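A.B. asks: So you can see what is in the structure, the chains are spelled out below.
Protein chains: 2
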Amino acid sequence: MSELRQDPTTKSWVILAPERAKRPQPKHRVRPADELPGWDSSCPFCPGNEELTPPEVFRLPVSNQGAPWEVRVVPNRFAALTPGENGDIVEEARLFRKMDGIGAHEVIIETPLHNMPMALMSYEQVEKVLIAYQERYNALKKEKYLKFITIFKNHGWASGTSLVHPHSQIVATPIVAPSYHRQFDIAHEYYIDRGRCLYCDLLAGELDKGKRIVARTEQFIVFHPFASHAAYETWIMPREHCASFGIFPDTYMNQLAKALKNVLLCLYESLDNPAFNLMVDSTLTEDEEDPYYHWHIRIVPRLTTIAGFEMGSGIYINTSLPEDTAGHIRACFQKLVKDGKISLD
Amino acid sequence: MSELRQDPTTKSWVILAPERAKRPQPKHRVRPADELPGWDSSCPFCPGNEELTPPEVFRLPVSNQGAPWEVRVVPNRFAALTPGENGDIVEEARLFRKMDGIGAHEVIIETPLHNMPMALMSYEQVEKVLIAYQERYNALKKEKYLKFITIFKNHGWASGTSLVHPHSQIVATPIVAPSYHRQFDIAHEYYIDRGRCLYCDLLAGELDKGKRIVARTEQFIVFHPFASHAAYETWIMPREHCASFGIFPDTYMNQLAKALKNVLLCLYESLDNPAFNLMVDSTLTEDEEDPYYHWHIRIVPRLTTIAGFEMGSGIYINTSLPEDTAGHIRACFQKLVKDGKISLD
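Quick mapping for you: the protein sequence lines, in order, are chains A and L. Those letters in the first sequence? Residues 1 to 345, per our numbering, in order. Those letters in the second sequence? Residues 1 to 345, per our numbering, in order.
Read the hints as simulated data drawn from the structure, not as lab findings. This one's a predicted model, so the numbers in the text were calculated from it and none came from an experiment. Don't take every hint at face value.
Where chains are identical, the list cannot tell them apart; a pair therefore holds if satisfied intra-copy or between any two copies.
Unchecked claim - In the DSBU-like style, the derived pairs of lysine-lysine whose C-alpha atoms are separated by at most 30 Å in a straight line are:
id : residue 1 : residue 2
1  : K98       : K11
2  : K98       : K209
3  : K147      : K22
4  : K142      : K338
5  : K98       : K211
6  : K98       : K22
7  : K211      : K142
8  : K341      : K211
9  : K22       : K209
Start from the sequences and build out the full structure, keeping to the hints where you can.
C.D. replies: Here you go:
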């Protein structure tokens, strides 16, 4: 029999139904790196094609304009939102509310190498990508009308990406989706009720159980959450309370890079380079010091497709138990350490 | 510049960004019917293979057990939820709440013909499928512990289906997702505030604007909603207030079949047989007579992929304006009527 579990951060329920893993299902494997060229003349993110993107808003190395770049950030050529004057909500007619699509939508080009997925990057290169994430987060939050900033990465066609070259995106919106407001409300209520951060308690609960923990570092816990929405869903959460990625101490960025690269390599090896989405969840830009939210990275492999049931009910079906998948990834971790492919600290 | 619009039924926002339609994006076309066989020996839903599915719970024609079937309903072989004793929520540890996966998960095999998508079915056959939907909805709602019933259909691989043979599914759950609770809360609040059904008012608003209306019949309005989450998202809504598909008068089922088949054929013709999800949204099973919710059918073509931004922010990006897509489908409607392929009444 399957099991229903409640995600304590959203109060949504997921169905854990390992039996369903037996049904026929296409696998969303991404073309492996070694089948791709290191440079593609038609790729707008490859070196030499910089004029195919809008002008840079950030780059690494910062001070070295003439030198080859290591990470570039540019506005998205097909931006969903564009910078502008802070507009107001207009009521076109009763029930039909709208506003101008102001905001920001940028692309973080993670590497000059066309065929270098994050899973295979050096720790140093992943750290540079994370530094670019934080730089742009903090630059965008200065615009007071931008209430919420989403950093995300789509890897592989099944994740929604349209370009192969490794890249992430950052979108800043003048509104917050009700689904996120709900998470903040739940965390806030918990804080009022108990005087503690829900996520800190969740982390303590996961550490206490232990069986869903994938890795522990001095500053981070990597785990497959109790109510995982998808198979191999992975959270990377700082041990110490911090509501926003924007104010997370950059001295720990090398540790985060290590944890992130390690877990991505485990997924790459264990699931044969799966499509995935990666999201950096933070609190509202106005509320970065809040005591109730707790930033974290969520990695969701796209092994199955979001279908009519999920869209119709809001309930997700996961065909794996996080206890099992965490064990699987833990074993992969240990093997990669033994083989000298990753290091733990 | 793009536009943000608020869905009045969920208060979520969507970004309408037609500019983004220019970016490269794979198209999720489904293999056309005429490339498929009418019967597939390995298909568990094809006639002659009935023993490959669990025993029937409903069939049409009802009274004709020996005769060939026209529609069959069977429990899903890989059921996400299974019937059982009504369990309670158990707290495995603080924050870790769970319950047994009780409920129902059935498959509606829509036709004996392997290669007959709903878009190409006769009106009579679509009506039979809808009758089966309602029969099973009403049979399942008798179990008092089943709070919410989702009827849905996944067409094409990109919609999440694993089998080609035309089928729908019905899932009854002992819980209601918070996202749905939120919709009921919003509709309920609106009712308390104004004494009217939000959806009735929304329908009046759409009829008043007119430009997003695709078709009107005596009992139904077909339209592309103001804040469509996806390109060509289509709602079929009864003109008269009714909270649940379960109590919708079956005398109108032939009209619904006509509206549904017509719009599916338009999508089939206009978008070259796109993958789509279809959902029948109803109120809670305990609340079918309520004055604030309003059942409707939602059809969401899967032309793009739900990606990291949607998963990270809860905000959807739609690269088409519903005014434009409604105009496109309206023109297709008129052409199909002129060609004698569909009839309006």
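A.B. asks: Since the copies are identical, ignore which copy is meant and state whether K98 and K11 lie within 30 Å (CA to CA) inside a copy, between copies, both or neither.
C.D. replies: So K98 and K11 pass the 30 Å test inside a copy (29 Å) and across (11 Å) alike.
A.B. asks: Indicate which option fits the pair K98, K22 if close means a Cα-Cα distance not exceeding 30 Å: within, between, both or neither.
C.D. replies: between (45 Å within a copy, 23 Å between copies)
A.B. asks: My question is about K142 and K338: at a cut-off of 30 Å on alpha-carbon distance, are they close within one copy, between copies, both, or neither?
C.D. replies: The answer is neither: 45 Å in one copy and 57 Å across copies each exceed 30 Å.
A.B. asks: At most 30 Å between C-alpha atoms: does K98 with K209 qualify within a copy, between copies, both, or neither?
C.D. replies: Only across copies: K98 and K209 sit 15 Å apart there, 46 Å inside one copy, limit 30 Å.
A.B. asks: How would you classify K147 and K22 at a CA-CA limit of 30 Å: within, between, both, or neither?
C.D. replies: between (43 Å within a copy, 28 Å between copies)
A.B. asks: Indicate which option fits the pair K22, K209 if close means a Cα-Cα distance not exceeding 30 Å: within, between, both or neither.
C.D. replies: Result: close within a single copy only, 28 Å intra versus 49 Å inter.
A.B. asks: Between the shortest in-copy and the shortest cross-copy C-alpha distance, which are at most 30 Å for K211 and K142: within, between, both, or neither?
C.D. replies: neither (41 Å within a copy, 39 Å between copies)
A.B. asks: When no copy is named, should K341 and K211 be tagged within, between, both, or neither for a Cα gap of at most 30 Å?
C.D. replies: within (24 Å within a copy, 59 Å between copies)
A.B. asks: Is the C-alpha distance from K98 to K211 at most 30 Å within one copy, between copies, in both cases, or in neither?
C.D. replies: Classified as between: cross-chain Cα gap 17 Å, same-chain 46 Å, threshold 30 Å.
Violated hints for the displayed structure, listed by number in ascending order: 4, 7.
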